[in-house]
Structures are given as C-alpha cells and as structure tokens.
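Protein chains: 2
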Amino acid sequence: MSSSPAPLRLGIAGLGTVGIGVVKIIRKHAALLQARTGRPLVITAVSARSKDKDRGVNLSDYAWEDDPVALAKRDDIDIFVELMGGSDGPAKDATEAAIASGKDVVTANKAMLALHGQPLALAAETAGRVIRFEAAVAGGIPVVKSLTEGLAGNEITRVMGVMNGTCNYILTRMEATGQGYNALFEEADKLGYLEADPNLDVGGIDAGHKLALLASIAFGTQVNFDGVALEGIQRISIDDIHRAADMGFRIKLLGVAQMTGRGLEQRMTPCLVPADSPLGQLEGGTNMVVLEGDSVDQIVLRGPGAGEGPTASAVMSDVIEIARGTRLSTFGQPATTLQAAPPAQAATPAPYYLRLHLADKPGALAKIATVLGNEGISIDRMRQYDHSENSAPVLIVTHKTTRTTLDAAMAAFDKTGVLDGAPVAIRIENI
Amino acid sequence: MSSSPAPLRLGIAGLGTVGIGVVKIIRKHAALLQARTGRPLVITAVSARSKDKDRGVNLSDYAWEDDPVALAKRDDIDIFVELMGGSDGPAKDATEAAIASGKDVVTANKAMLALHGQPLALAAETAGRVIRFEAAVAGGIPVVKSLTEGLAGNEITRVMGVMNGTCNYILTRMEATGQGYNALFEEADKLGYLEADPNLDVGGIDAGHKLALLASIAFGTQVNFDGVALEGIQRISIDDIHRAADMGFRIKLLGVAQMTGRGLEQRMTPCLVPADSPLGQLEGGTNMVVLEGDSVDQIVLRGPGAGEGPTASAVMSDVIEIARGTRLSTFGQPATTLQAAPPAQAATPAPYYLRLHLADKPGALAKIATVLGNEGISIDRMRQYDHSENSAPVLIVTHKTTRTTLDAAMAAFDKTGVLDGAPVAIRIENI
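The listed protein sequences derive, respectively, from chains A and B.
If you read the first sequence in the numbering used here, its first letter stands for residue 3, the second for the next number, and so on.
If you read the second sequence in the numbering used here, its first letter stands for residue 3, the second for the next number, and so on.
Errors might be hidden in some of the hints.
Because identical chains share one entry, a pair is satisfied inside a single copy or across any pair of copies.
Claimed, not checked - Straight line, CA to CA, 16 Å or less: simulated EDC-like cross-link-like pairs of lysine to aspartate or glutamate:
hint	residue 1	residue 2
1	K75	E98
2	K30	E189
3	K30	D296
4	K417	E98
5	K30	E188
6	K26	E67
7	K402	E431
8	K30	D95
9	K75	D90
10	K417	E431
11	K75	D296
12	K55	D299
13	K30	E157
14	K26	E157
15	K26	D296
16	K369	D416
17	K53	D63
Source of the hints: derived by calculation from the structure; they are not laboratory data.
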C-alpha cells in the first residue's frame with residue numbers, strides 16, 4: 003500500500019467576489035497546487051449569508067453552514083478562510099472559534115486585524131496556530147511576505163504606500179477629466195468601487211488599516227490603528243490637482259510609517275508627490291508599496307490592489323504557505339515580543355503646498371510673507387495667478403516645516419484680513 | 003534550568019562585498035534577527051582565498067578554513083553560505099560537499115544554479131536539505147520568494163525583467179550623455195561595475211542565468227540556460243538609442259520567459275520598450291521584474307540589483323527562512339517533478355524596429371517597401387531623416403512579425419543594392 007499525503011481541508015466563510023475567486027482557483031489548478039505543496043487542497047465546507055444565491059459556480063460538493071462559527075468549529079477542516087469582512091461580529095467570532103478549535107486562519111480582513119490583531123495573534127500563537135493575511139494589504143501584491151520574509155534581514159526604516167485603489171481612481175480621474183470630487187465619487191459608486199460605507203475608502207480608513215498592519219511587521223510593534231493620523235480625500239479640489247500639476251506634483255492618498263525618536267509615526271493623508279516618481283505615475287486602481295530598509299535601500303512593489311483574481315491569488319499564497327508547512331508568527335515575530343509603540347505626537351517636518359486666495363488689497367502678499375517669516379517658515383517657490391473676480395490664487399511651496407508651525411501660520415493668516423476663504427495646506431513627500 | 007533555543011550556525015565561503023555584507027548584518031542586528039527567527043544566528047567559520055586581506059571587519063571570532071570544501075563539511079555549521087561565485091570549481095565542489103554532509107545551502111550563485119540547478123536540487127532534496135538562492139536573482143528584490151510563494155496560486159503566464167544593472171547603467175548613460183557604447187563600457191569598468199569577464203554582463207549571460215532560474219520556478223520546468231536566446235548590448239549604437247527615443251521608446255536588455263504551444267520561450271535580448279512604461283523609465287543600475295499570472299494579472303517589483311547591502315539582505319532572507327523552519331523545494335516543487343521543457347524554436351511574433359541607411363538612388367525606398375510587402379511584413383510607422391553624405395537613415399516600425407520572416411526580408415534587402423551598410427533590427431515589447 004502506498005501512502006498518499008493527507009489533503010489540506012479548507013472551510014471558506016464568505017462567498018463574495020474573493021471567496022468565489024478562491025473556489026475557482028482551487029478547482030482550476032488542483033494539479034498545479036498539489037505539485038507546489040505536495041498535497042491535495044480541498045474545500046470541505048462553506049458558509050455565507052444566502053445559500054440560494056447563484057454565484058456562478060457549483061458549490062454542491064461542499065457542506066454548507068449558515069453559521070460561520072459552526073463552520074470554524076467543524077472537525078473536517080484544517081484552515082478557516084475568513085472572507086466575510088467587518089472588524090467585529092461574525093468574522094471575529096468565527097476567527098476566535100477557529101483558533102480555539104485548532105484551525106489555522108487565512109483572512110483578507112484588514113479591519114479585524116487592525117483593531118484586534120494583537121489579541122488574535124496572541125490567541126493563535128498560544129494555541130500553536132497561525133493567522134496569515136496577505137490578502138488584507140494591497141490585494142495581489144505580495145507585500146506582507148516581502149516585508150515579513152524578503153526584507154527580514156533589515157531594520158526597516160520606512161514603509162510607504164498608495165493602498166486604496168478607489169481613492170487613487172478618483173484622484174487620477176479628477177485630473178484626467180477635469181471633473182470635481184463629487185462627480186468622480188458618484189462615478190466610482192456606479193462602478194461598484196466603493197465599500198458599503200464609502201468613508202472606509204475616501205476617509206482613508208481602509209488604507210489606514212493596511213498601513214497599521216505593515217507598521218506592526220516593519221517595526222516589531224503591536225498593531226495600533228488608533229495611532230494612524232487619518233485624513234481622507236474628500237476635501238481635495240480640482241483646483242489643487244491642477245495647481246499641483248503645474249508645479250510638477252500629483253496628489254495621492256499616501257501612507258507613511260516610520261519609527262522616529264519621538265515614537266511611531268503613522269500617517270494616511272493626501273500628499274503631493276513628484277509627478278515623475280513611481281508613486282506619482284500610479285494610475286487608477288493600481289496599488290504601490292515602497293519598503294525601505296537599512297541594507298536593501300528601497301524596494302517598490304506595484305500591482306492590482308483589489309478584484310477577484312488578485313485578492314484570491316493573495317489568499318491562495320497563504321493557504322499554500324500553510325500547506326507547505328511554513329509556520330510564521332502573525333506579525334513576523336511572536337506576539338508576546340511585539341512592543342507597544344506610543345504614537346509620535348507630531349509628524350516629521352516636510353515641505354508643504356499652500357493654496358490661498360488673496361483679497362485684492364495693496365500689500366496683501368507682503369502680509370502673508372511676513373506671517374510665514376515670523377513663524378520661521380521659508381518659501382521655496384511661489385506663484386500668483388490671474389485675479390478672478392476679487393481675489394488672486396497664490397500657491398506657495400514652503401521649505402521643510404512642521405505641521406504645528408504651519409497651523410500657527412495659518413491661524414495668523416486669518417488675522418491679517420487679506421485672505422479670501424480658508425487656505426489649503428497639503429504635505430509634500432519628496433520620494 | 004531554562005532551555006534556550008539552539009543557535010543556527012553559519013559557515014560563510016567567500017568574503018567579498020556580499021560576504022562581508024552578511025557578516026555585518028549578523029553582527030549589527032543580532033537581537034533583531036533573534037526576535038524574528040526565535041533563535042540566535044551565529045557565524046562559526048569562514049573561508050576565502052586570502053586570510054590576511056584587510057576586509058574592514060574583525061573575523062578573528064570565526065574559525066578559518068582555506069578550503070571551502072573543508073568549511074562545508076565542518077560539524078559545527080548548519081547552513082553553508084556560498085558566496086564565492088563561479089559555475090564550477092570550488093563553489094560547486096563545496097556546495098555538493100555541504101549537501102552530502104547534511105547542511106542546508108544559501109547561495110548567491112546564479113551561474114552554478116543556471117548550469118547545475120537540476121542535479122544540485124535533486125541531491126539536496128534526496129538528502130532532505132534545502133538550497134535557497136534569493137540573492138542570485140535581481141539583488142535585493144525578493145523576486146524568488148514572490149514567485150515561489152507570493153504568486154504560487156497562479157499559473158504563471160510570463161516573467162520579464164531588466165536584471166543586469168551594469169547593462170542598464172551603460173544604456174541609460176549612453177542616452178543621457180550622448181556617448182557611444184565603448185566610452186560607457188570604459189566608464190562602467192572604471193567604476194568597478196563589470197564582472198571579471200565583462201561578457202557575463204554586456205553579453206547578457208549573467209541576466210540570462212537569472213531568467214533561466216525564474217523560468218524554472220514559474221513553469222515547473224528543469225532549469226535550462228542553454229534554451230535562453232542570448233544577445234548582448236555590444237552592438238547597440240547611440241544612433242539607435244536616439245532614434246528609438248524619437249519614436250517614444252527606450253532600449254533595455256530585457257528578459258522574457260513564457261510557456262508557448264511551441265515550447266518554453268526564454269529570451270535575454272535588447273528590446274525597445276515604451277519610454278513611459280515602468281520598464282522604460284528604469285534608470286541606472288536598478289533592476290525590475292514583471293511577474294504575470296492568470297489570477298494576479300501583473301506585479302512589478304523594482305529595487306537595487308546589486309551591491310553589498312541589497313545582496314546581503316537577500317542572502318539573509320534565505321538564512322532567516324531556514325532559521326524559522328521553512329523548508330521549500332529549490333524551484334518551488336520537488337525537483338523530481340520538474341518537467342524537461344524543449345525550447346521554443348522561434349520567438350513569438352512582435353513588432354520590430356528597423357534602422358536602414360538607403361543609398362541616394364531613385365526608387366530606393368520603394369524597393370525596401372516592396373521587399374517587406376513580399377514577405378508579408380506590414381509597416382506601422384516610417385521616418386526618413388535628412389541625407390547625410392550619400393545615404394539617408396530610414397526608421398521603420400513594423401507590425402507584428404516573426405524574427406524568421408524579418409531575417410528573410412533583411413537577406414532580400416541585400417539583393418536590392420540600395421542599402422548602405424547592414425540594417426539593424428530590434429524587437430519591440432509593448433508592455
């Protein structure tokens with residue numbers, strides 16, 4: 003009698019786009035997956051909200067569970083694949099149940115891990131189980147593996163990324179079409195690009211979750227989403243996009259995480275980046291992550307940030323990793339050794355883009371320049387545009403300053419009485 | 003008594019730039035590496051040609067072996083780190099000795115694996131040992147891991163890459179300075195960018211080795227360097243670089259591997275790529291690899307292709323992988339299951355760039371156009387430049403054709419008697 007290797011049995015909770023993508027890969031590539039892992043990968047059971055919905059694939063070979071917690075506890079699964087989403091509720095309950103009943107977990111759930119990653123990792127590691135989450139960050143880009151494994155010999159100095167395809171779609175379409183934010187928000191909505199709660203996308207929350215997960219791996223710290231300084235793209239105007247372009251920049255919702263002497267800095271905010279940089283050239287829904295380490299210098303990873311195939315590809319990479327017997331700590335080192343990282347109270351200094359509208363009064367520009375000088379902010383470049391009606395748009399690119407100093411200057415602008423409307427300030431990342 | 007985890011003991015053969023880079027990382031980041039792997043990483047013994055050379059680091063803590071084979075056999079090492087280079091000779095002897103004496107192997111040696119990868123992988127897997135080689139391909143870019151692990155759920159459809167920094171340095175400096183190939187070859191030589199045998203770089207051999215390794219992982223085939231169609235950059239003229247730029251292209255030494263109905267196609271040749279594509283924008287010594295799979299679509303990885311820090315970072319990623327207990331087959335699936343892949347006898351059709359010099363005779367251009375028409379090659383774009391002396395440069399971009407058809411046309415050009423000198427033909431990859 004010859005012994006065949008035992009199959010690895012999957013239970014999949016959540017049969018939306020990504021879940022169905024995973025089912026398709028396991029069916030289509032059974033031989034390829036067995037060649038690469040040394041054992042058959044099989045789906046034993048599935049769970050979703052509606053059993054009767056036509057999902058375009060035949061699920062009748064798999065046991066059905068209405069309750070994902072019941073799926074997670076089944077004796078005939080080895081890996082619980084959590085693709086339901088949502089930081090709490092059924093996803094978290096089922097993940098906890100899976101760990102408690104001895105299952106490994108593969109998840110695409112950035113919200114759950116950003117908010118509960120530390121206790122979940124502790125629970126899994128105490129139980130000798132693994133939680134893998136490649137699909138939670140930047141879709142098909144293998145960035146979790148690149149950071150956890152590929153760059154593991156480095157002290158990571160900085161992680162940056164454009165990691166919300168919907169925001170990048172809206173921003174690049176604003177520039178291409180000349181339309182404003184609201185029109186493109188509606189277009190993205192019609193195309194199905196927005197989460198059920200659109201603020202997760204345009205408010206930067208979804209991308210902030212992803213950044214917090216990468217920061218934990220990069221710096222050996224407990225995941226701390228509350229420490230991410232968040233700002234969405236809702237207030238980016240078509241004027242800012244055009245003016246930034248005039249000066250050689252594009253506006254991106256950019257995440258930056260770095261360990262500083264003042265604590266862990268995590269930001270997910272609109273930034274100006276050089277138009278000819280890799281980040282500046284990023285179009286549409288594509289994601290890009292930049293990883294910097296003391297030995298490797300800089301690695302740039304680009305790829306599709308969402309969609310059935312790319313996200314399912316990432317889920318499968320985790321399933322295959324477990325099938326091959328690789329067992330990594332959730333955040334790259336045991337959760338018991340992750341440090342609490344107090345957030346930096348202020349961002350590192352940077353140049354800023356300022357857009358003001360000056361009232362048509364003598365000496366207006368001088369007053370603004372004086373305020374900046376008084377605050378110790380020096381001007382790198384300045385452009386005044388044609389008067390439109392009673393005010394003139396003025397663009398200023400400052401030399402490096404802190405946001406605190408800049409906020410003080412903007413408060414002082416108010417008192418000069420020469421501004422028409424509120425000034426706009428956007429950080430510049432020269433990368 | 004508390005038990006500490008056993009240290010992982012390294013023997014390093016080869017103390018050039020990369021070897022010393024590895025020593026530095028292990029010393030500088032002892033705590034970080036132990037946190038990430040759960041055990042201390044220590045160097046037990048080293049070997050190099052000259053014991054007395056000052057390498058800028060103190061090696062007196064490590065046992066010294068003049069003979070790398072003796073190092074490989076030592077009982078007090080767990081991993082043999084082969085950083086000597088060379089496809090045969092001491093590197094191969096010592097690697098075989100390491101496997102035979104139960105050691106895992108981490109190597110940066112693309113030549114050895116491109117020529118002997120299959121028997122070495124078989125030997126290692128029979129002995130229950132692993133061979134890892136992240137540093138052999140594209141320096142600090144974690145491309146071996148991305149392909150073997152990150153994209154393991156995909157049927158890989160194509161692998162492309164600019165993987166020789168020296169060639170890319172020469173080509174981008176030619177364009178920037180307007181100097182010819184020979185001048186920039188000398189500059190690269192003075193900067194120490196060239197291998198001892200420069201043909202390894204400029205002849206495309208080194209990059210071809212890397213492509214053959216990636217193709218094996220991508221397509222589950224036995225590594226077959228002989229099947230790589232190789233062409234170096236020595237005959238690229240400054241004229242071609244300028245003319246290509248006029249038409250929106252840049253010239254790169256580009257590797258392409260894809261499985262076709264006609265067999266495995268592997269090419270490492272100069273190609274025109276769109277100037278505004280990620281590959282077209284690649285400057286200097288930076289490497290870029292493009293991985294395409296049926297689910298993930300396309301992933302682009304960019305980073306430093308050489309140098310002490312980046313290459314040592316890649317070596318360390320393999321050491322850490324082994325320290326964490328991960329054990330992968332050399333080429334992503336057991337060597338016994340890798341298929342022999344007959345090379346495709348002809349490259350897939352592509353557009354071509356043709357540069358000709360037409361003699362100043364009536365009807366010259368018509369004769370050339372007639373030859374192309376007779377061979378079934380249609381013209382996408384054509385430019386004729388000012389006459390210089392007695393001939394006029396003509397550029398033609400063809401629609402897709404095969405190299406065989408194009409070679410027939412170029413042979414027929416000869417018979418028209420209207421050409422001044424030999425025509426230049428370079429493949430265009432529209433990516």
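Structure-based check of each hint:
1. With identical chains, the CA atoms of K75 and E98 are at most 16 Å apart within one copy only, with a shortest distance of 10 Å there and 47 Å across copies.
2. For the identical chains of this complex, K30 and E189 are neighbours neither inside a copy (34 Å) nor across copies (52 Å), given an alpha-carbon limit of 16 Å.
3. For the homomeric pair K30 and D296, the shortest alpha-carbon distance between copies (11 Å) is at most 16 Å, but the shortest distance inside one copy (41 Å) is not.
4. Within a single copy, K417 and E98 get their C-alpha atoms no closer than 55 Å, and across copies no closer than 78 Å, so neither meets the 16 Å cut-off.
5. Proximity of K30 and E188 under a CA criterion of 16 Å is satisfied in neither setting, with 36 Å inside one chain copy and 52 Å between copies.
6. Proximity of K26 and E67 under a CA criterion of 16 Å is satisfied in neither setting, with 19 Å inside one chain copy and 54 Å between copies.
7. In this assembly of identical chains, the alpha carbons of K402 and E431 lie at most 16 Å apart only when taken from the same copy (10 Å versus 42 Å across copies).
8. Within a single copy, K30 and D95 get their C-alpha atoms no closer than 31 Å, and across copies no closer than 42 Å, so neither meets the 16 Å cut-off.
9. When the C-alpha separation of K75 and D90 is checked against a cutoff of 16 Å, the pair qualifies neither within a copy, at 18 Å, nor between copies, at 54 Å.
10. In the homo-oligomer, the alpha carbons of K417 and E431 never lie at most 16 Å apart, since the shortest distance is 29 Å inside one protomer and 59 Å across protomers.
11. Neither within a single protomer nor between protomers do K75 and D296 lie at most 16 Å apart by alpha-carbon distance, with minima of 44 Å and 33 Å respectively.
12. Taking the closest pair of Cα atoms, K55 and D299 never come within 16 Å of each other, the shortest separation being 49 Å inside a single copy and 28 Å across copies.
13. With identical chains, the CA atoms of K30 and E157 are at most 16 Å apart between copies only, with a shortest distance of 10 Å across copies and 40 Å within one.
14. Taking the closest pair of Cα atoms, K26 and E157 come within 16 Å of each other only across two copies (13 Å); inside a single copy the shortest separation is 39 Å, beyond that limit.
15. Taking CA atoms no more than 16 Å apart as the test, K26 paired with D296 passes between copies only; the shortest distance there is 12 Å, against 40 Å inside one copy.
16. For the identical chains of this complex, K369 and D416 are intra-copy neighbours only, at 11 Å inside a copy versus 75 Å across copies, given an alpha-carbon limit of 16 Å.
17. In this assembly of identical chains, K53 and D63 lie within 16 Å of each other by CA distance solely inside one copy; the values are 13 Å within and 66 Å between copies.
Violation of the numbered hints given earlier is confined to hints 2, 4, 5, 6, 8, 9, 10, 11 and 12; the remaining hints are satisfied by the structure.
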